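Enquirer: Listed below, chain by chain, are the residues.
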Amino acid sequence: MYATNYHRASSVQDAVKLKSEADEGKYLSGGMTLIATMKQRLAAPSDLVDLRHIPDLKGISVNGKSVRIGAAATHFDVASSVELKAACPAICDLAHHIGDPHVRHMGTIGGSVANNDPAADYPAALLALDAVVVTNAREIKAADFFTGLFETALEEGEMIVAVTFDAPAKAGYAKFRNPASRYAMTGVFVARRDDGDVRVAVTGAGAGGVFRHSGMEAALAASWSPDALSGIAVDPSDLLSDIHANAEYRANLVKVMAKRAVAAA
Amino acid sequence: MGVEGIGASVARKEDKRFLTGKGRYTDDMSVPGMKYAFFVRSPYAHARIKSIDMSAAKDMPGVIGILEGKQLQADAIGNIICGWMIHSKDGSPMKMGAWRPLAHETVRYVGDAVAIVVADSLGEARDAAEAVVVDYEVLPAVTEAVKALEAGQPQLHPEAPNNLIFDWQLGDGVAADTAIAEAAHVTEITLRNNRLAPNPMEPRATLGIYDSAEDHYTCYTTSQNPHVARLVMSAFYNVAPENKLRVIAPDVGGGFGSKIYIYPEEIVCLWASKKTGVPVKWTCDRTEAFLTDAHGRDHVSTVKMAFDKDNRITGLKVDTIANLGAYMSLFSSAVPTYLYATLLSGQYAIPAIHANVRTVYTNTVPVDAYRGAGRPEATYLLERTMETAARELGVSPAELRRKNFVRTFPYQTPVIMNYDAGDYEASLEAAMASADWNGFAARKAEAAGRGKKRGIGMSCYIEACGIAPSAAVGSLGAGVGLWESAEVRVNAVGTIEVMTGSHSHGQGHETTFAQLVADRLGIPIDNVNIVHGDTDKVQMGMGTYGSRSGAVGMSAVVKALDKVEAKAKKIAAHLMEADESDIVIENGELKVAGTDKALPWFQVALAAYTAHNLPAGMEPGLKEGAFYDPSNFTFPAGCYICEVEVDPETGVTEIVQFVAADDFGNIINPMIVEGQVHGGIAQGIGQALLENVQYDPQNGQLITASYMDYAMPRADDLPSFKLSHQNTPCPSNPLGIKGCGEAGAIGSPPALINAITDAIGNNNLTMPATPQKVWAALNAAN
Ligand SMILES: Cc1cc2nc3c(=O)[nH]c(=O)nc-3n(C[C@H](O)[C@H](O)[C@H](O)COP(=O)(O)OP(=O)(O)OC[C@H]3O[C@@H](n4cnc5c(N)ncnc54)[C@H](O)[C@@H]3O)c2cc1C
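Quick mapping for you: the protein sequence lines, in order, are chains A and B.
Mapping of the first sequence onto my numbering: position 183 corresponds to residue 183, and the numbering continues sequentially without gaps.
Mapping of the second sequence onto my numbering: position 599 corresponds to residue 599, and the numbering continues sequentially without gaps.
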């Protein structure tokens, strides 16, 4: 790690100001990605602005159907929230399967979403739940937020404050873990709204990051059951190939995980 | 057995310090004035060094010194050597290319050390290392051994045309060919034994301390064999004469073979300490460990096994290409030869065997012994071949093995080994009973109802531990003897220190060696301390590898105890006015047999040291040493059975049952033995399902350089293991011990792969059997 300056922000405004004053500042949330990257000397921010002590970023609230998860909520907070479990158990289950207990007690939804790792779990949930990423400046729909591998719509200095969504009628997540990292080698989040609208979002598999699968969405809108997906063919041409899984195998996993997600919903 | 004696599952004495974080490892060592080292390493797999410019780096904050290979060479520090000479079948010696501790002409793998930076802090050393400008002329690289032998490939060492290190053979080629020509059936298979990174929990580290006043060096290091390190560093690398070099291997957090070897870093840190005038500490990080720890395995073999019409094996022919990486590491030449081809008879009576082994340089980190070292490769090859043959011949895998087992001992194989004792059928029967082999068909049908493909596979392994005797291994090319030493030092109050030349890095010597003493003398293990790992404290010894500590190290302790007891009996006989032959040692007392006369152990010890009343002419004191040179290897053997369920939708393999029936001879501490088996099987399952070192074949970059990409087995990848022990005591050592440290890693991979290929109905599967591979193989079979 290179030397860096640490700041503890007390409010959203304070954090934005601290970062804007820094040479090459970075927001620090759980540090599960950022600190590791710094230790490997792949990132060298001049200043770290710690967001974890900002009251506005903390907490999870559920009001009827509408859910708000603060950006600094840890994966453990999300996995163990009783209110959230009642409203949308699938996202609790997703959070419970991120990394290991250490990671879940440090890593946050804001950090994960901002990082947009193509193998991260949350992007699939946000896209399928039609969630909104609330920043210090605006509200961004998930569909507009995730723009590519490790790329988001966040502007320089813009900060995620919360993630909001309406609880779905049904939702489920199925993850096929990478045998080494245990990130998603393919993860599929399915959600059905009260009005019957269905979304299927896939993480870990797309060459361009998280994506929706319209064929599966149509099939599930017509019939919400795992068998409804049996006839669907997943095209491998836009999928990732790496040392762990080639595109053909991932295409198979997308379908199998989608079925399992529906079964779990 | 007493509660703490031989055969008792005594809790490990050393665990309190390990479990409470009080272990003292090399990186915990700190001395006044100590500074930190960071190595400048090659980012290329193959390149010529045109120049090294340190000018900017030298002026960086905190920098004390930056040293490069030319200076090392000017100071006559020697090249790193391989300690086992192998001759090719044409009689020529193996082609050892120069491995410089710091390369200054050519780098041959990503991670090859080029310079050392010493600075006040690790951060400053690293900063300065980044500012060292090395001008490389990048050369083409080759990472696969089979490819490296082909015409027109990049050449690593001028000494080794076509990258061939040696082309060696063992056994009778004509006899094997004849058997194949005349066979009723020949099973042929090509197998790849995947390359593994050792991954001990504690990464390597070293602290080099030069004392200018005494002209003396101290080296703290993560070593499995500190005396060998001292010997090699003085005799071959010219770091310092032995009497001026102390090597200490304190607590060491696992080795699995990778800490046998003397690496560039130990040599360079000692030398750098003298050059810079400060103690120099280096600790490896995990990616550096992936890049620079010696890897294991990496064989490609073709096999032909001949059977007569009664399904008896009549011949075996093996052709192996082994990747040794960019340089020849310390025992690299022995692993694919005398630790591999000599085991190709397995548990079977095979009249004709021939093995041809070619070893090859590639632009990868050196490959050397890793838990099992050659024996896992032999076992995987034989046991996959046997399973394949059983399927081809339409007989049960157990039946084919039973028919071919060696049943009379001693048994001379055609490949050097002389098996001294064993009962292979006993382990097979025990394993099959424990696994409920006969109930498999019903379980398979039940699993099919749940949409799962269930399979079962077995592996009957034999291995050779406690490599010996010294004269024999010397005649086969070893540069060292493979005896072990012990000294038993009885203190005046009767407590005991045992100095052993073997070394514990997780095996539990501090408990098991104490149990042996407790068993012999009837004193509590708390009164016995085991001292190891420091060349100033312990007489010359050979260290720990190849499951030798029990069979060889403890046998040396037995010999020293024999001498201690003999002297103690003489003293007791004298004090109690009895005949020496009537004295027995029991429960901490020396008794006159058949009387109520007795002296407590401590009183005899005290008498030895007060020397007020000793037999005429006897020297005072009670301390004896011994060296033990075994007359043969030991031959642990056993049968492993694995049962799996494959999810046809994803190719995921779940191990639903794993049975291990092992014959380790006599056992000192069953709990520790079980721990060794558990760990070994976990590593074997890692090799079979998960682990795989991968280099980019184009540019030689290591792709699997972190746990993001290198899959280690985790607890939830593993089932509970069902273990049992059979016992045919080893006849060649006084304790009847065979060794148990590597068996799990040796026996388990083929059992697991045989189970998966059984489940999916396709034998065309390589390790690691990842979900993708299993899924593809399953689809190809349908
Ligand atoms: C061993 C291990 C296993 C893991 N396994 C998984 C897994 O299975 N699935 C998975 O999805 N993830 C996994 N992760 C990732 C982890 O869950 C975290 O979500 C992730 O590291 C980022 O969250 P963080 O809070 O740690 O962010 P940080 O590391 O602190 O920050 C990440 C990036 O986001 C930026 N950032 C942080 N907060 C904000 C904000 N509020 N506004 C704008 N930018 C911000 C930072 O500047 C930085 O660039 C794993 C991590 C580890 C170390």
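Fair warning: there could be bad hints in the mix.
As the list claims (entries may be wrong) - Within a straight-line C-alpha distance of at most 30 Å, the following computed DSSO-like cross-link-like pairs (lysine-lysine) qualify:
hint	chain 1	residue 1	chain 2	residue 2
1	A	65	A	85
2	B	274	B	304
3	B	22	A	39
4	B	773	A	255
5	B	623	B	244
6	B	403	B	444
7	A	255	B	453
8	A	255	B	444
9	B	623	B	537
10	A	26	A	65
11	A	170	B	722
12	B	58	A	39
13	B	623	B	403
14	A	255	B	452
15	B	597	B	304
16	B	304	B	95
It should be emphasised that the hints constitute simulated quantities derived from the structure, not laboratory data.
In this text the structure is predicted, and so the values were computed from the model without any measurement.
Enquirer: For each hint, tell me whether it holds in the structure or not.
Expert: Hints and how they fare:
no., hint, verdict
1, 65(A) / 85(A), "holds (12 Å)"
2, 274(B) / 304(B), "violated (56 Å)"
3, 22(B) / 39(A), "holds (26 Å)"
4, 773(B) / 255(A), "holds (18 Å)"
5, 623(B) / 244(B), "holds (26 Å)"
6, 403(B) / 444(B), "holds (26 Å)"
7, 255(A) / 453(B), "holds (20 Å)"
8, 255(A) / 444(B), "holds (26 Å)"
9, 623(B) / 537(B), "holds (14 Å)"
10, 26(A) / 65(A), "violated (34 Å)"
11, 170(A) / 722(B), "violated (43 Å)"
12, 58(B) / 39(A), "holds (23 Å)"
13, 623(B) / 403(B), "violated (52 Å)"
14, 255(A) / 452(B), "holds (18 Å)"
15, 597(B) / 304(B), "violated (69 Å)"
16, 304(B) / 95(B), "holds (29 Å)"
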